[in-house]
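Here the sequence shown is numbered in this note's numbering, starting from 7 and rising by one per residue.
The set of hints was computed from the structure by calculation and includes no laboratory data.
Under the rule of at most 30 angstroms between Cα atoms (straight-line distance), these lysine-lysine pairs were calculated in the BS3-like manner: (1) 212 with 240; (2) 490 with 218; (3) 490 with 480; (4) 240 with 66; (5) 66 with 43; (6) 629 with 564.
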Amino acid sequence: MSSANRVFVEISLYSLQLVIVAGRRLVAKGDYPLDAKEALLAFFAAHQAAGPAVVLVSPKQSFARLAPAGTGGTRTETDLLAAVSTSPTGLTPPLSVVACDAVTGEPFDSSMEGAILLAGATTESLVAVRDQMGALGLPVPASTCLALPVQLGAVVAALQDMSESTRVAVLALGENDSVLALVSAGGVEAVQSVPVGYAQIFEAVKAELGLKFRAAATKLFFNSAYDFADASDKIAVRLAEPLQAALSGFPNRPTALQVVGLPGKQAWLGGCLAQALSLADWSPDMAKMCAQLELEVSPGSEPTANALSLVQLAATDEATPAMWQPGFLGERPKTVSAPVTSAPAVAVTAPVPVVLSAAVTPPAAVVTKSAVVGKAPAPVSRVAAPTSRPITPAPVPGKQLPPKPLKTVAAVPTSKPAMPAPAPRLAPVQAGAISQPAPKAVAPLVAPARSKPPVALYAVILAVVLVAIGVGIKIYLDESKQAKAQQVADESARLADEQARKLAVERAEAALRLNPATGLPGSWQHADIGLTSSPGAATFAGGIFNLTGVGRDIGWFKDGFNFIYVPLSGDGSITARVAAMEGSNRVAKAGLMIRSTLEDGSAHVSLLLENKNTNYKLVSRAKRGGRTVVVDSSGNTVFATPIWFRLVRAGDVITAYQSSDGKQWNLVAGTPVSVPMSPVAYISRAACSRELTPVMLPVDHVSVPGWSSAPSGMNSGK
Numbered sequence: 007m008s009s010a011n012r013v014f015v016e017i018s019l020y021s022l023q024l025v026i027v028a029g030r031r032l033v034a035k036g037d038y039p040l041d042a043k044e045a046l047l048a049f050f051a052a053h054q055a056a057g058p059a060v061v062l063v064s065p066k067q068s069f070a071r072l073a074p075a076g077t078g079g080t081r082t083e084t085d086l087l088a089a090v091s092t093s094p095t096g097l098t099p100p101l102s103v104v105a106c107d108a109v110t111g112e113p114f115d116s117s118m119e120g121a122i123l124l125a126g127a128t129t130e131s132l133v134a135v136r137d138q139m140g141a142l143g144l145p146v147p148a149s150t151c152l153a154l155p156v157q158l159g160a161v162v163a164a165l166q167d168m169s170e171s172t173r174v175a176v177l178a179l180g181e182n183d184s185v186l187a188l189v190s191a192g193g194v195e196a197v198q199s200v201p202v203g204y205a206q207i208f209e210a211v212k213a214e215l216g217l218k219f220r221a222a223a224t225k226l227f228f229n230s231a232y233d234f235a236d237a238s239d240k241i242a243v244r245l246a247e248p249l250q251a252a253l254s255g256f257p258n259r260p261t262a263l264q265v266v267g268l269p270g271k272q273a274w275l276g277g278c279l280a281q282a283l284s285l286a287d288w289s290p291d292m293a294k295m296c297a298q299l300e301l302e303v304s305p306g307s308e309p310t311a312n313a314l315s316l317v318q319l320a321a322t323d324e325a326t327p328a329m330w331q332p333g334f335l336g337e338r339p340k341t342v343s344a345p346v347t348s349a350p351a352v353a354v355t356a357p358v359p360v361v362l363s364a365a366v367t368p369p370a371a372v373v374t375k376s377a378v379v380g381k382a383p384a385p386v387s388r389v390a391a392p393t394s395r396p397i398t399p400a401p402v403p404g405k406q407l408p409p410k411p412l413k414t415v416a417a418v419p420t421s422k423p424a425m426p427a428p429a430p431r432l433a434p435v436q437a438g439a440i441s442q443p444a445p446k447a448v449a450p451l452v453a454p455a456r457s458k459p460p461v462a463l464y465a466v467i468l469a470v471v472l473v474a475i476g477v478g479i480k481i482y483l484d485e486s487k488q489a490k491a492q493q494v495a496d497e498s499a500r501l502a503d504e505q506a507r508k509l510a511v512e513r514a515e516a517a518l519r520l521n522p523a524t525g526l527p528g529s530w531q532h533a534d535i536g537l538t539s540s541p542g543a544a545t546f547a548g549g550i551f552n553l554t555g556v557g558r559d560i561g562w563f564k565d566g567f568n569f570i571y572v573p574l575s576g577d578g579s580i581t582a583r584v585a586a587m588e589g590s591n592r593v594a595k596a597g598l599m600i601r602s603t604l605e606d607g608s609a610h611v612s613l614l615l616e617n618k619n620t621n622y623k624l625v626s627r628a629k630r631g632g633r634t635v636v637v638d639s640s641g642n643t644v645f646a647t648p649i650w651f652r653l654v655r656a657g658d659v660i661t662a663y664q665s666s667d668g669k670q671w672n673l674v675a676g677t678p679v680s681v682p683m684s685p686v687a688y689i690s691r692a693a694c695s696r697e698l699t700p701v702m703l704p705v706d707h708v709s710v711p712g713w714s715s716a717p718s719g720m721n722s723g724k
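Could you put the whole structure together from the sequences, leaning on the hints where they help?
Pasting the structure below:
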């Protein structure tokens, strides 16, 4: 790769997303959990990426939107920093803060009169990015900035060609709380904190999947092999209540929701949250966005909506203003590998040199406090004070002796009292050389002998020592017990994680494993029902069923069609996306069916696409050998393929749904319909051509009870 390659990285609490750009071409993209160290190293090695520009998604961040200052109003950096320092962020100073225009994203200038967007994080968290990248074995960042303004600004830019009334609620995830912003083409209109973050997501996953440890929920959430289709809606409902309350506090109601900071494989959560909040899942046209930014995209590197902010960054160069990427206010955080913290000065334990006059010589074993003339006194270590006040000589003009370290006297044990030592002899002192009066008497350096303390004192000391030893032993035993319990809990969590991952992988593999006898996955079977001019065929590859059918019709008193099915014992449903129907006959049919038996005159309910992909019909036969009737028809309404169909059985009651995206479902008119069914019915895809030429039906994203061919992480409609 060329040396002109640039890499942009968004690093969050649990994952890392990145794009690599050569000139005006996006050449590679990727997203990885932070524990995927080998994959990350391989990505960087393959693309020779160095010196990345990093945007940090902070675990907790300060933020605010300051109202316009008004005509003639002025605001300084000091004013903005004061606004942050007085807000209840719960962050430990020092903080690093950025500010920009809430409409245009231009970096703060004191002449700005409009609304200001403020964002900040601890300086320590910004500095720690270098350590985190180093721990992963990745290149040291060339620059680091905060992700929040970039994330919100990317949505503002994407809304520029949309209606001014379009508003998106943008949820920027943190650890225990997140930022919820109201964004439109006119900028960031409001921001507030919501008590929903990764911690609450993991608790919801743990609860809905019946997991014992939250660590297992964390691992499973970022496990790309696990399919959350069965639990996704319930997880979202658990998280929606505080978000709904926050939305009601906005000046305008948004029409859509965008969750930023999630890797692509976990983007299903955004769609489910939007549905739980009765909002649309906002997903910009990334191909259109790249074209507007004059950014070419290499094949296979097409970005998804979760990479919108990185695409905005990648489109900037020396000739393009870097909007929504403001510089830090005040002093920029130092780029050192160790966190920057403010700590008190460390006490000096070595003896402090003292400046003496030529005429004064201090006693050999006396510790004095003094300082070099003109400098602040250095901190000194605390030592046992002598029994007499030390003599502090005053500086005398003229010659000065070089500083000499003073000697300290070791403390004498009191267990063996020593004889009193003779008083030290002091050197003669000239008159006027000492600024303070001499002490009345010079005490000996060694304490005089004392009489032995009473036996009761020793008993008290012994009791205190024994109590201290007992407390220490108890603390040690308690800590050992807690450490062992934590070790057992960690091992249980690890085993649970391994089992969850194994089950997820087995489930994903089982969905694609073919039965040699049928050529179809799992328990799927293939059959021709009734009269057909030639046998049909069915194949499965890459998650797609291809059904070829030649049959008379699905209708009247007997059916003739081709059928791929699985038995359904009791209640259940089938969901699938019909990619297209290829056949020459205008009334060729293909779609989903729930059928009581495999006889040609069996009772059934079928939701079928016909008229060369233009409309659909819901038909049913209420009893064996009866006539098939049309329950509902879309008539002249034209539907574009691919289209999603769903049939749900609850006893003898069948309900039908259709959708254009597999997320927003519409009840088919005329349902639910009651049709007597066997205890074991058959759920399937069916196709008939009405002529000798076969009809071909590609179907994917199929989900039935206990089995799914939908890609991992994608909402299959359940």
